[in-house]
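Asker: Sequence:
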Amino acid sequence: MSKSVAIVTGAAGDIGRAIAKRLADDHDIILLVDIDEAAMQKTAGELGPADRFVMFKADITKDADVAAMAKAASDLGGVKTLVNNAGAARAVSLHDTTPAIWRADNALNLEAAFLCFRAVEDMLKASKGSVINIASVNGMAVFGHPAYSAAKAGLLHFTRLVAVEYGKFGIRSNAVAPGTVRTQAWEVRAAANPNVFEEAKRWYALQRVVDPVDVANAVSFLASPLAAAITGVCLPVDCGLTAGQAELAHTFSQSEHY
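In the numbering used here, each residue's number is its place in the sequence shown (first place is 1) plus 181.
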């Protein structure tokens with residue numbers, strides 16, 4: 182019997198590592214894909230045996246690298262799950278967004294997901310597998326980082342496109358949209374400003390920011406038989422950010438504007 186394989190792009194980061202660890206509970210092999218080989222080696226070493234957590238260095242914005250990634254996955258077994266997790270944000274404002282930044286953010290955050298899916302779609306058809314795209318609340322509302330946000334909004338639509346067109350093959354396609362996630366990047370900010378999390382939590386109904394494990398648990402659910410009837414959806418994992426802000430609700434409820 183062919184071994185089940187999950188592909189996780191951007192696997193060397195905090196969110197990717199948490200996803201890979203969680204998916205190992207119900208996949209035989211996790212293919213860790215990242216452009217940063219040194220960081221990926223560290224991640225793989227922390228996760229477990231090399232025959233279960235297999236590294237593959239790739240620039241997933243390049244067709245040739247993605248094709249090689251798909252071949253490596255095929256050699257390992259049957260691809261059951263594809264997690265398009267790799268992403269990055271560059272310019273904070275539209276004014277600071279150059280054409281090069283716009284193209285680079287779209288290439289990594291949107292086009293790469295398309296390339297990866299097309300490269301493994303036949304394997305996903307064979308397994309009646311699942312695609313989970315890691316989007317962002319930035320793709321649902323305006324929170325800055327315009328090129329990144331526009332790409333993530335496109336990723337949400339791409340998620341629905343796959344769900345509608347490939348559902349007849351048994352493929353499910355869903356997205357997870359995290360809010361602020363407590364990653365190393367945020368820990369660096371906290372080192373510079375010890376109050377950063379305290380300041381941020383007021384925007385979140387649960388009075389905290391997201392942990393990478395929260396994202397991983399959502400991915401695991403969407404990839405599992407428990408979500409067998411769920412496709413084409415975006416699941417916000419944002420501690421209530423997109424539900425609304427309690428402070429603003431209280432302000433408006435106290436106002437006399439009718």
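These are computed hints drawn from the structure, not numbers from a lab. Just so we're clear, the structure is a prediction, and the values are computed from it rather than from any experiment. Misleading hints may appear alongside valid ones.
What the hints assert, rightly or not - Here are the simulated lysine-lysine pairs, DSS-like style, with alpha carbons at most 25 Å apart:
no., residue 1, residue 2
1, Lys309, Lys349
2, Lys202, Lys238
3, Lys238, Lys349
4, Lys238, Lys223
5, Lys309, Lys382
6, Lys184, Lys238
7, Lys238, Lys252
8, Lys202, Lys349
9, Lys223, Lys243
10, Lys306, Lys223
11, Lys349, Lys184
12, Lys349, Lys382
13, Lys349, Lys306
14, Lys202, Lys252
15, Lys382, Lys184
16, Lys306, Lys382
17, Lys223, Lys309
18, Lys202, Lys223
19, Lys202, Lys184
Claimed, not checked - Have a look at the derived ranges for each label pair, beta carbon to beta carbon:
no., residue 1, residue 2, range
20, Asn398, His276, 18 to 24 Å
21, Val345, Asn374, 30 to 36 Å
22, Lys184, His276, 45 to 51 Å
23, Pro406, Ser255, 29 to 35 Å
24, Ser274, Ala366, 24 to 30 Å
25, Pro406, Ala386, 28 to 34 Å
26, His276, Lys306, 19 to 25 Å
27, Asn374, His276, 36 to 42 Å
We put the beta carbon where it would ideally sit given N, CA and C, even for glycine.
Asker: Confirm or reject each hint.
Answerer: Hint-by-hint comparison with the structure:
Of the supplied pair hints, the one linking Lys309 and Lys349 holds, its CA atoms being roughly 10 Å apart against a limit of 25 Å. Distance hint between Lys202 and Lys238 is fulfilled; the C-alpha atoms sit about 18 Å from each other, no more than 25 Å. Distance restraint check for Lys238 and Lys349: the Cα-Cα separation of roughly 33 Å exceeds the 25 Å cut-off, and the hinted pair is therefore not satisfied. For the given pair, Lys238 sits about 13 Å from Lys223 by alpha-carbon distance, which is consistent with the 25 Å threshold.
A distance of roughly 39 Å separates the Cα atoms of Lys309 and Lys382; the hinted pair therefore is violated under the 25 Å criterion. Of the supplied pair hints, the one linking Lys184 and Lys238 holds, its CA atoms being roughly 21 Å apart against a limit of 25 Å. Our distance criterion of 25 Å between C-alpha atoms is met by Lys238 and Lys252, whose separation comes to about 13 Å. Restraint check: the Cα-Cα separation between Lys202 and Lys349 comes to about 30 Å, which exceeds 25 Å; the hinted pair is violated.
Using a Cα cut-off of 25 Å, the hinted pair Lys223 and Lys243 holds, with the two alpha carbons roughly 24 Å apart. A C-alpha spacing of about 33 Å is found between Lys306 and Lys223, which places the hinted pair above 25 Å, so the restraint is violated. Pair hint Lys349 plus Lys184 holds up; C-alpha atoms about 24 Å apart against a cutoff of 25 Å. Between Lys349 and Lys382 the CA atoms are separated by roughly 42 Å; this puts the pair beyond 25 Å, and the hint is violated.
Using a Cα cut-off of 25 Å, the hinted pair Lys349 and Lys306 holds, with the two alpha carbons roughly 9 Å apart. The suggested pairing of Lys202 with Lys252 holds, with an alpha-carbon distance near 23 Å, which does not exceed 25 Å. For the suggested pair Lys382 and Lys184, the alpha carbons sit about 42 Å apart, so the restraint of at most 25 Å is broken. Restraint check for Lys306 and Lys382: not satisfied, since their Cα atoms lie roughly 42 Å apart, outside the 25 Å limit.
Restraint check: the Cα-Cα separation between Lys223 and Lys309 comes to about 32 Å, which exceeds 25 Å; the hinted pair is violated. Proposed proximity of Lys202 and Lys223 is supported: the alpha carbons are some 14 Å apart, at most 25 Å. Restraint check for Lys202 and Lys184: the C-alpha separation of about 17 Å stays at or below 25 Å, so the hint holds. For the hinted restraint 18 to 24 Å between Asn398 and His276, the CB-CB distance of approximately 37 Å leaves it violated.
At about 44 Å, the beta-carbon gap between Val345 and Asn374 misses the expected band of 30 to 36 Å. Separated by about 50 Å at the C-beta atoms, Lys184 and His276 satisfy the suggested range of 45 to 51 Å. At roughly 23 Å, the beta-carbon separation of Pro406 and Ser255 lies outside the given 29 to 35 Å, and the hint is violated. At roughly 18 Å, the beta-carbon separation of Ser274 and Ala366 lies outside the given 24 to 30 Å, and the hint is violated.
In this structure, Pro406 and Ala386 meet the distance hint of 28 to 34 Å, their C-beta atoms being roughly 30 Å apart. At roughly 44 Å, the beta-carbon separation of His276 and Lys306 lies outside the given 19 to 25 Å, and the hint is violated. Taken as a hint, the range 36 to 42 Å is violated for the pair Asn374 and His276, whose Cβ atoms sit roughly 24 Å apart.
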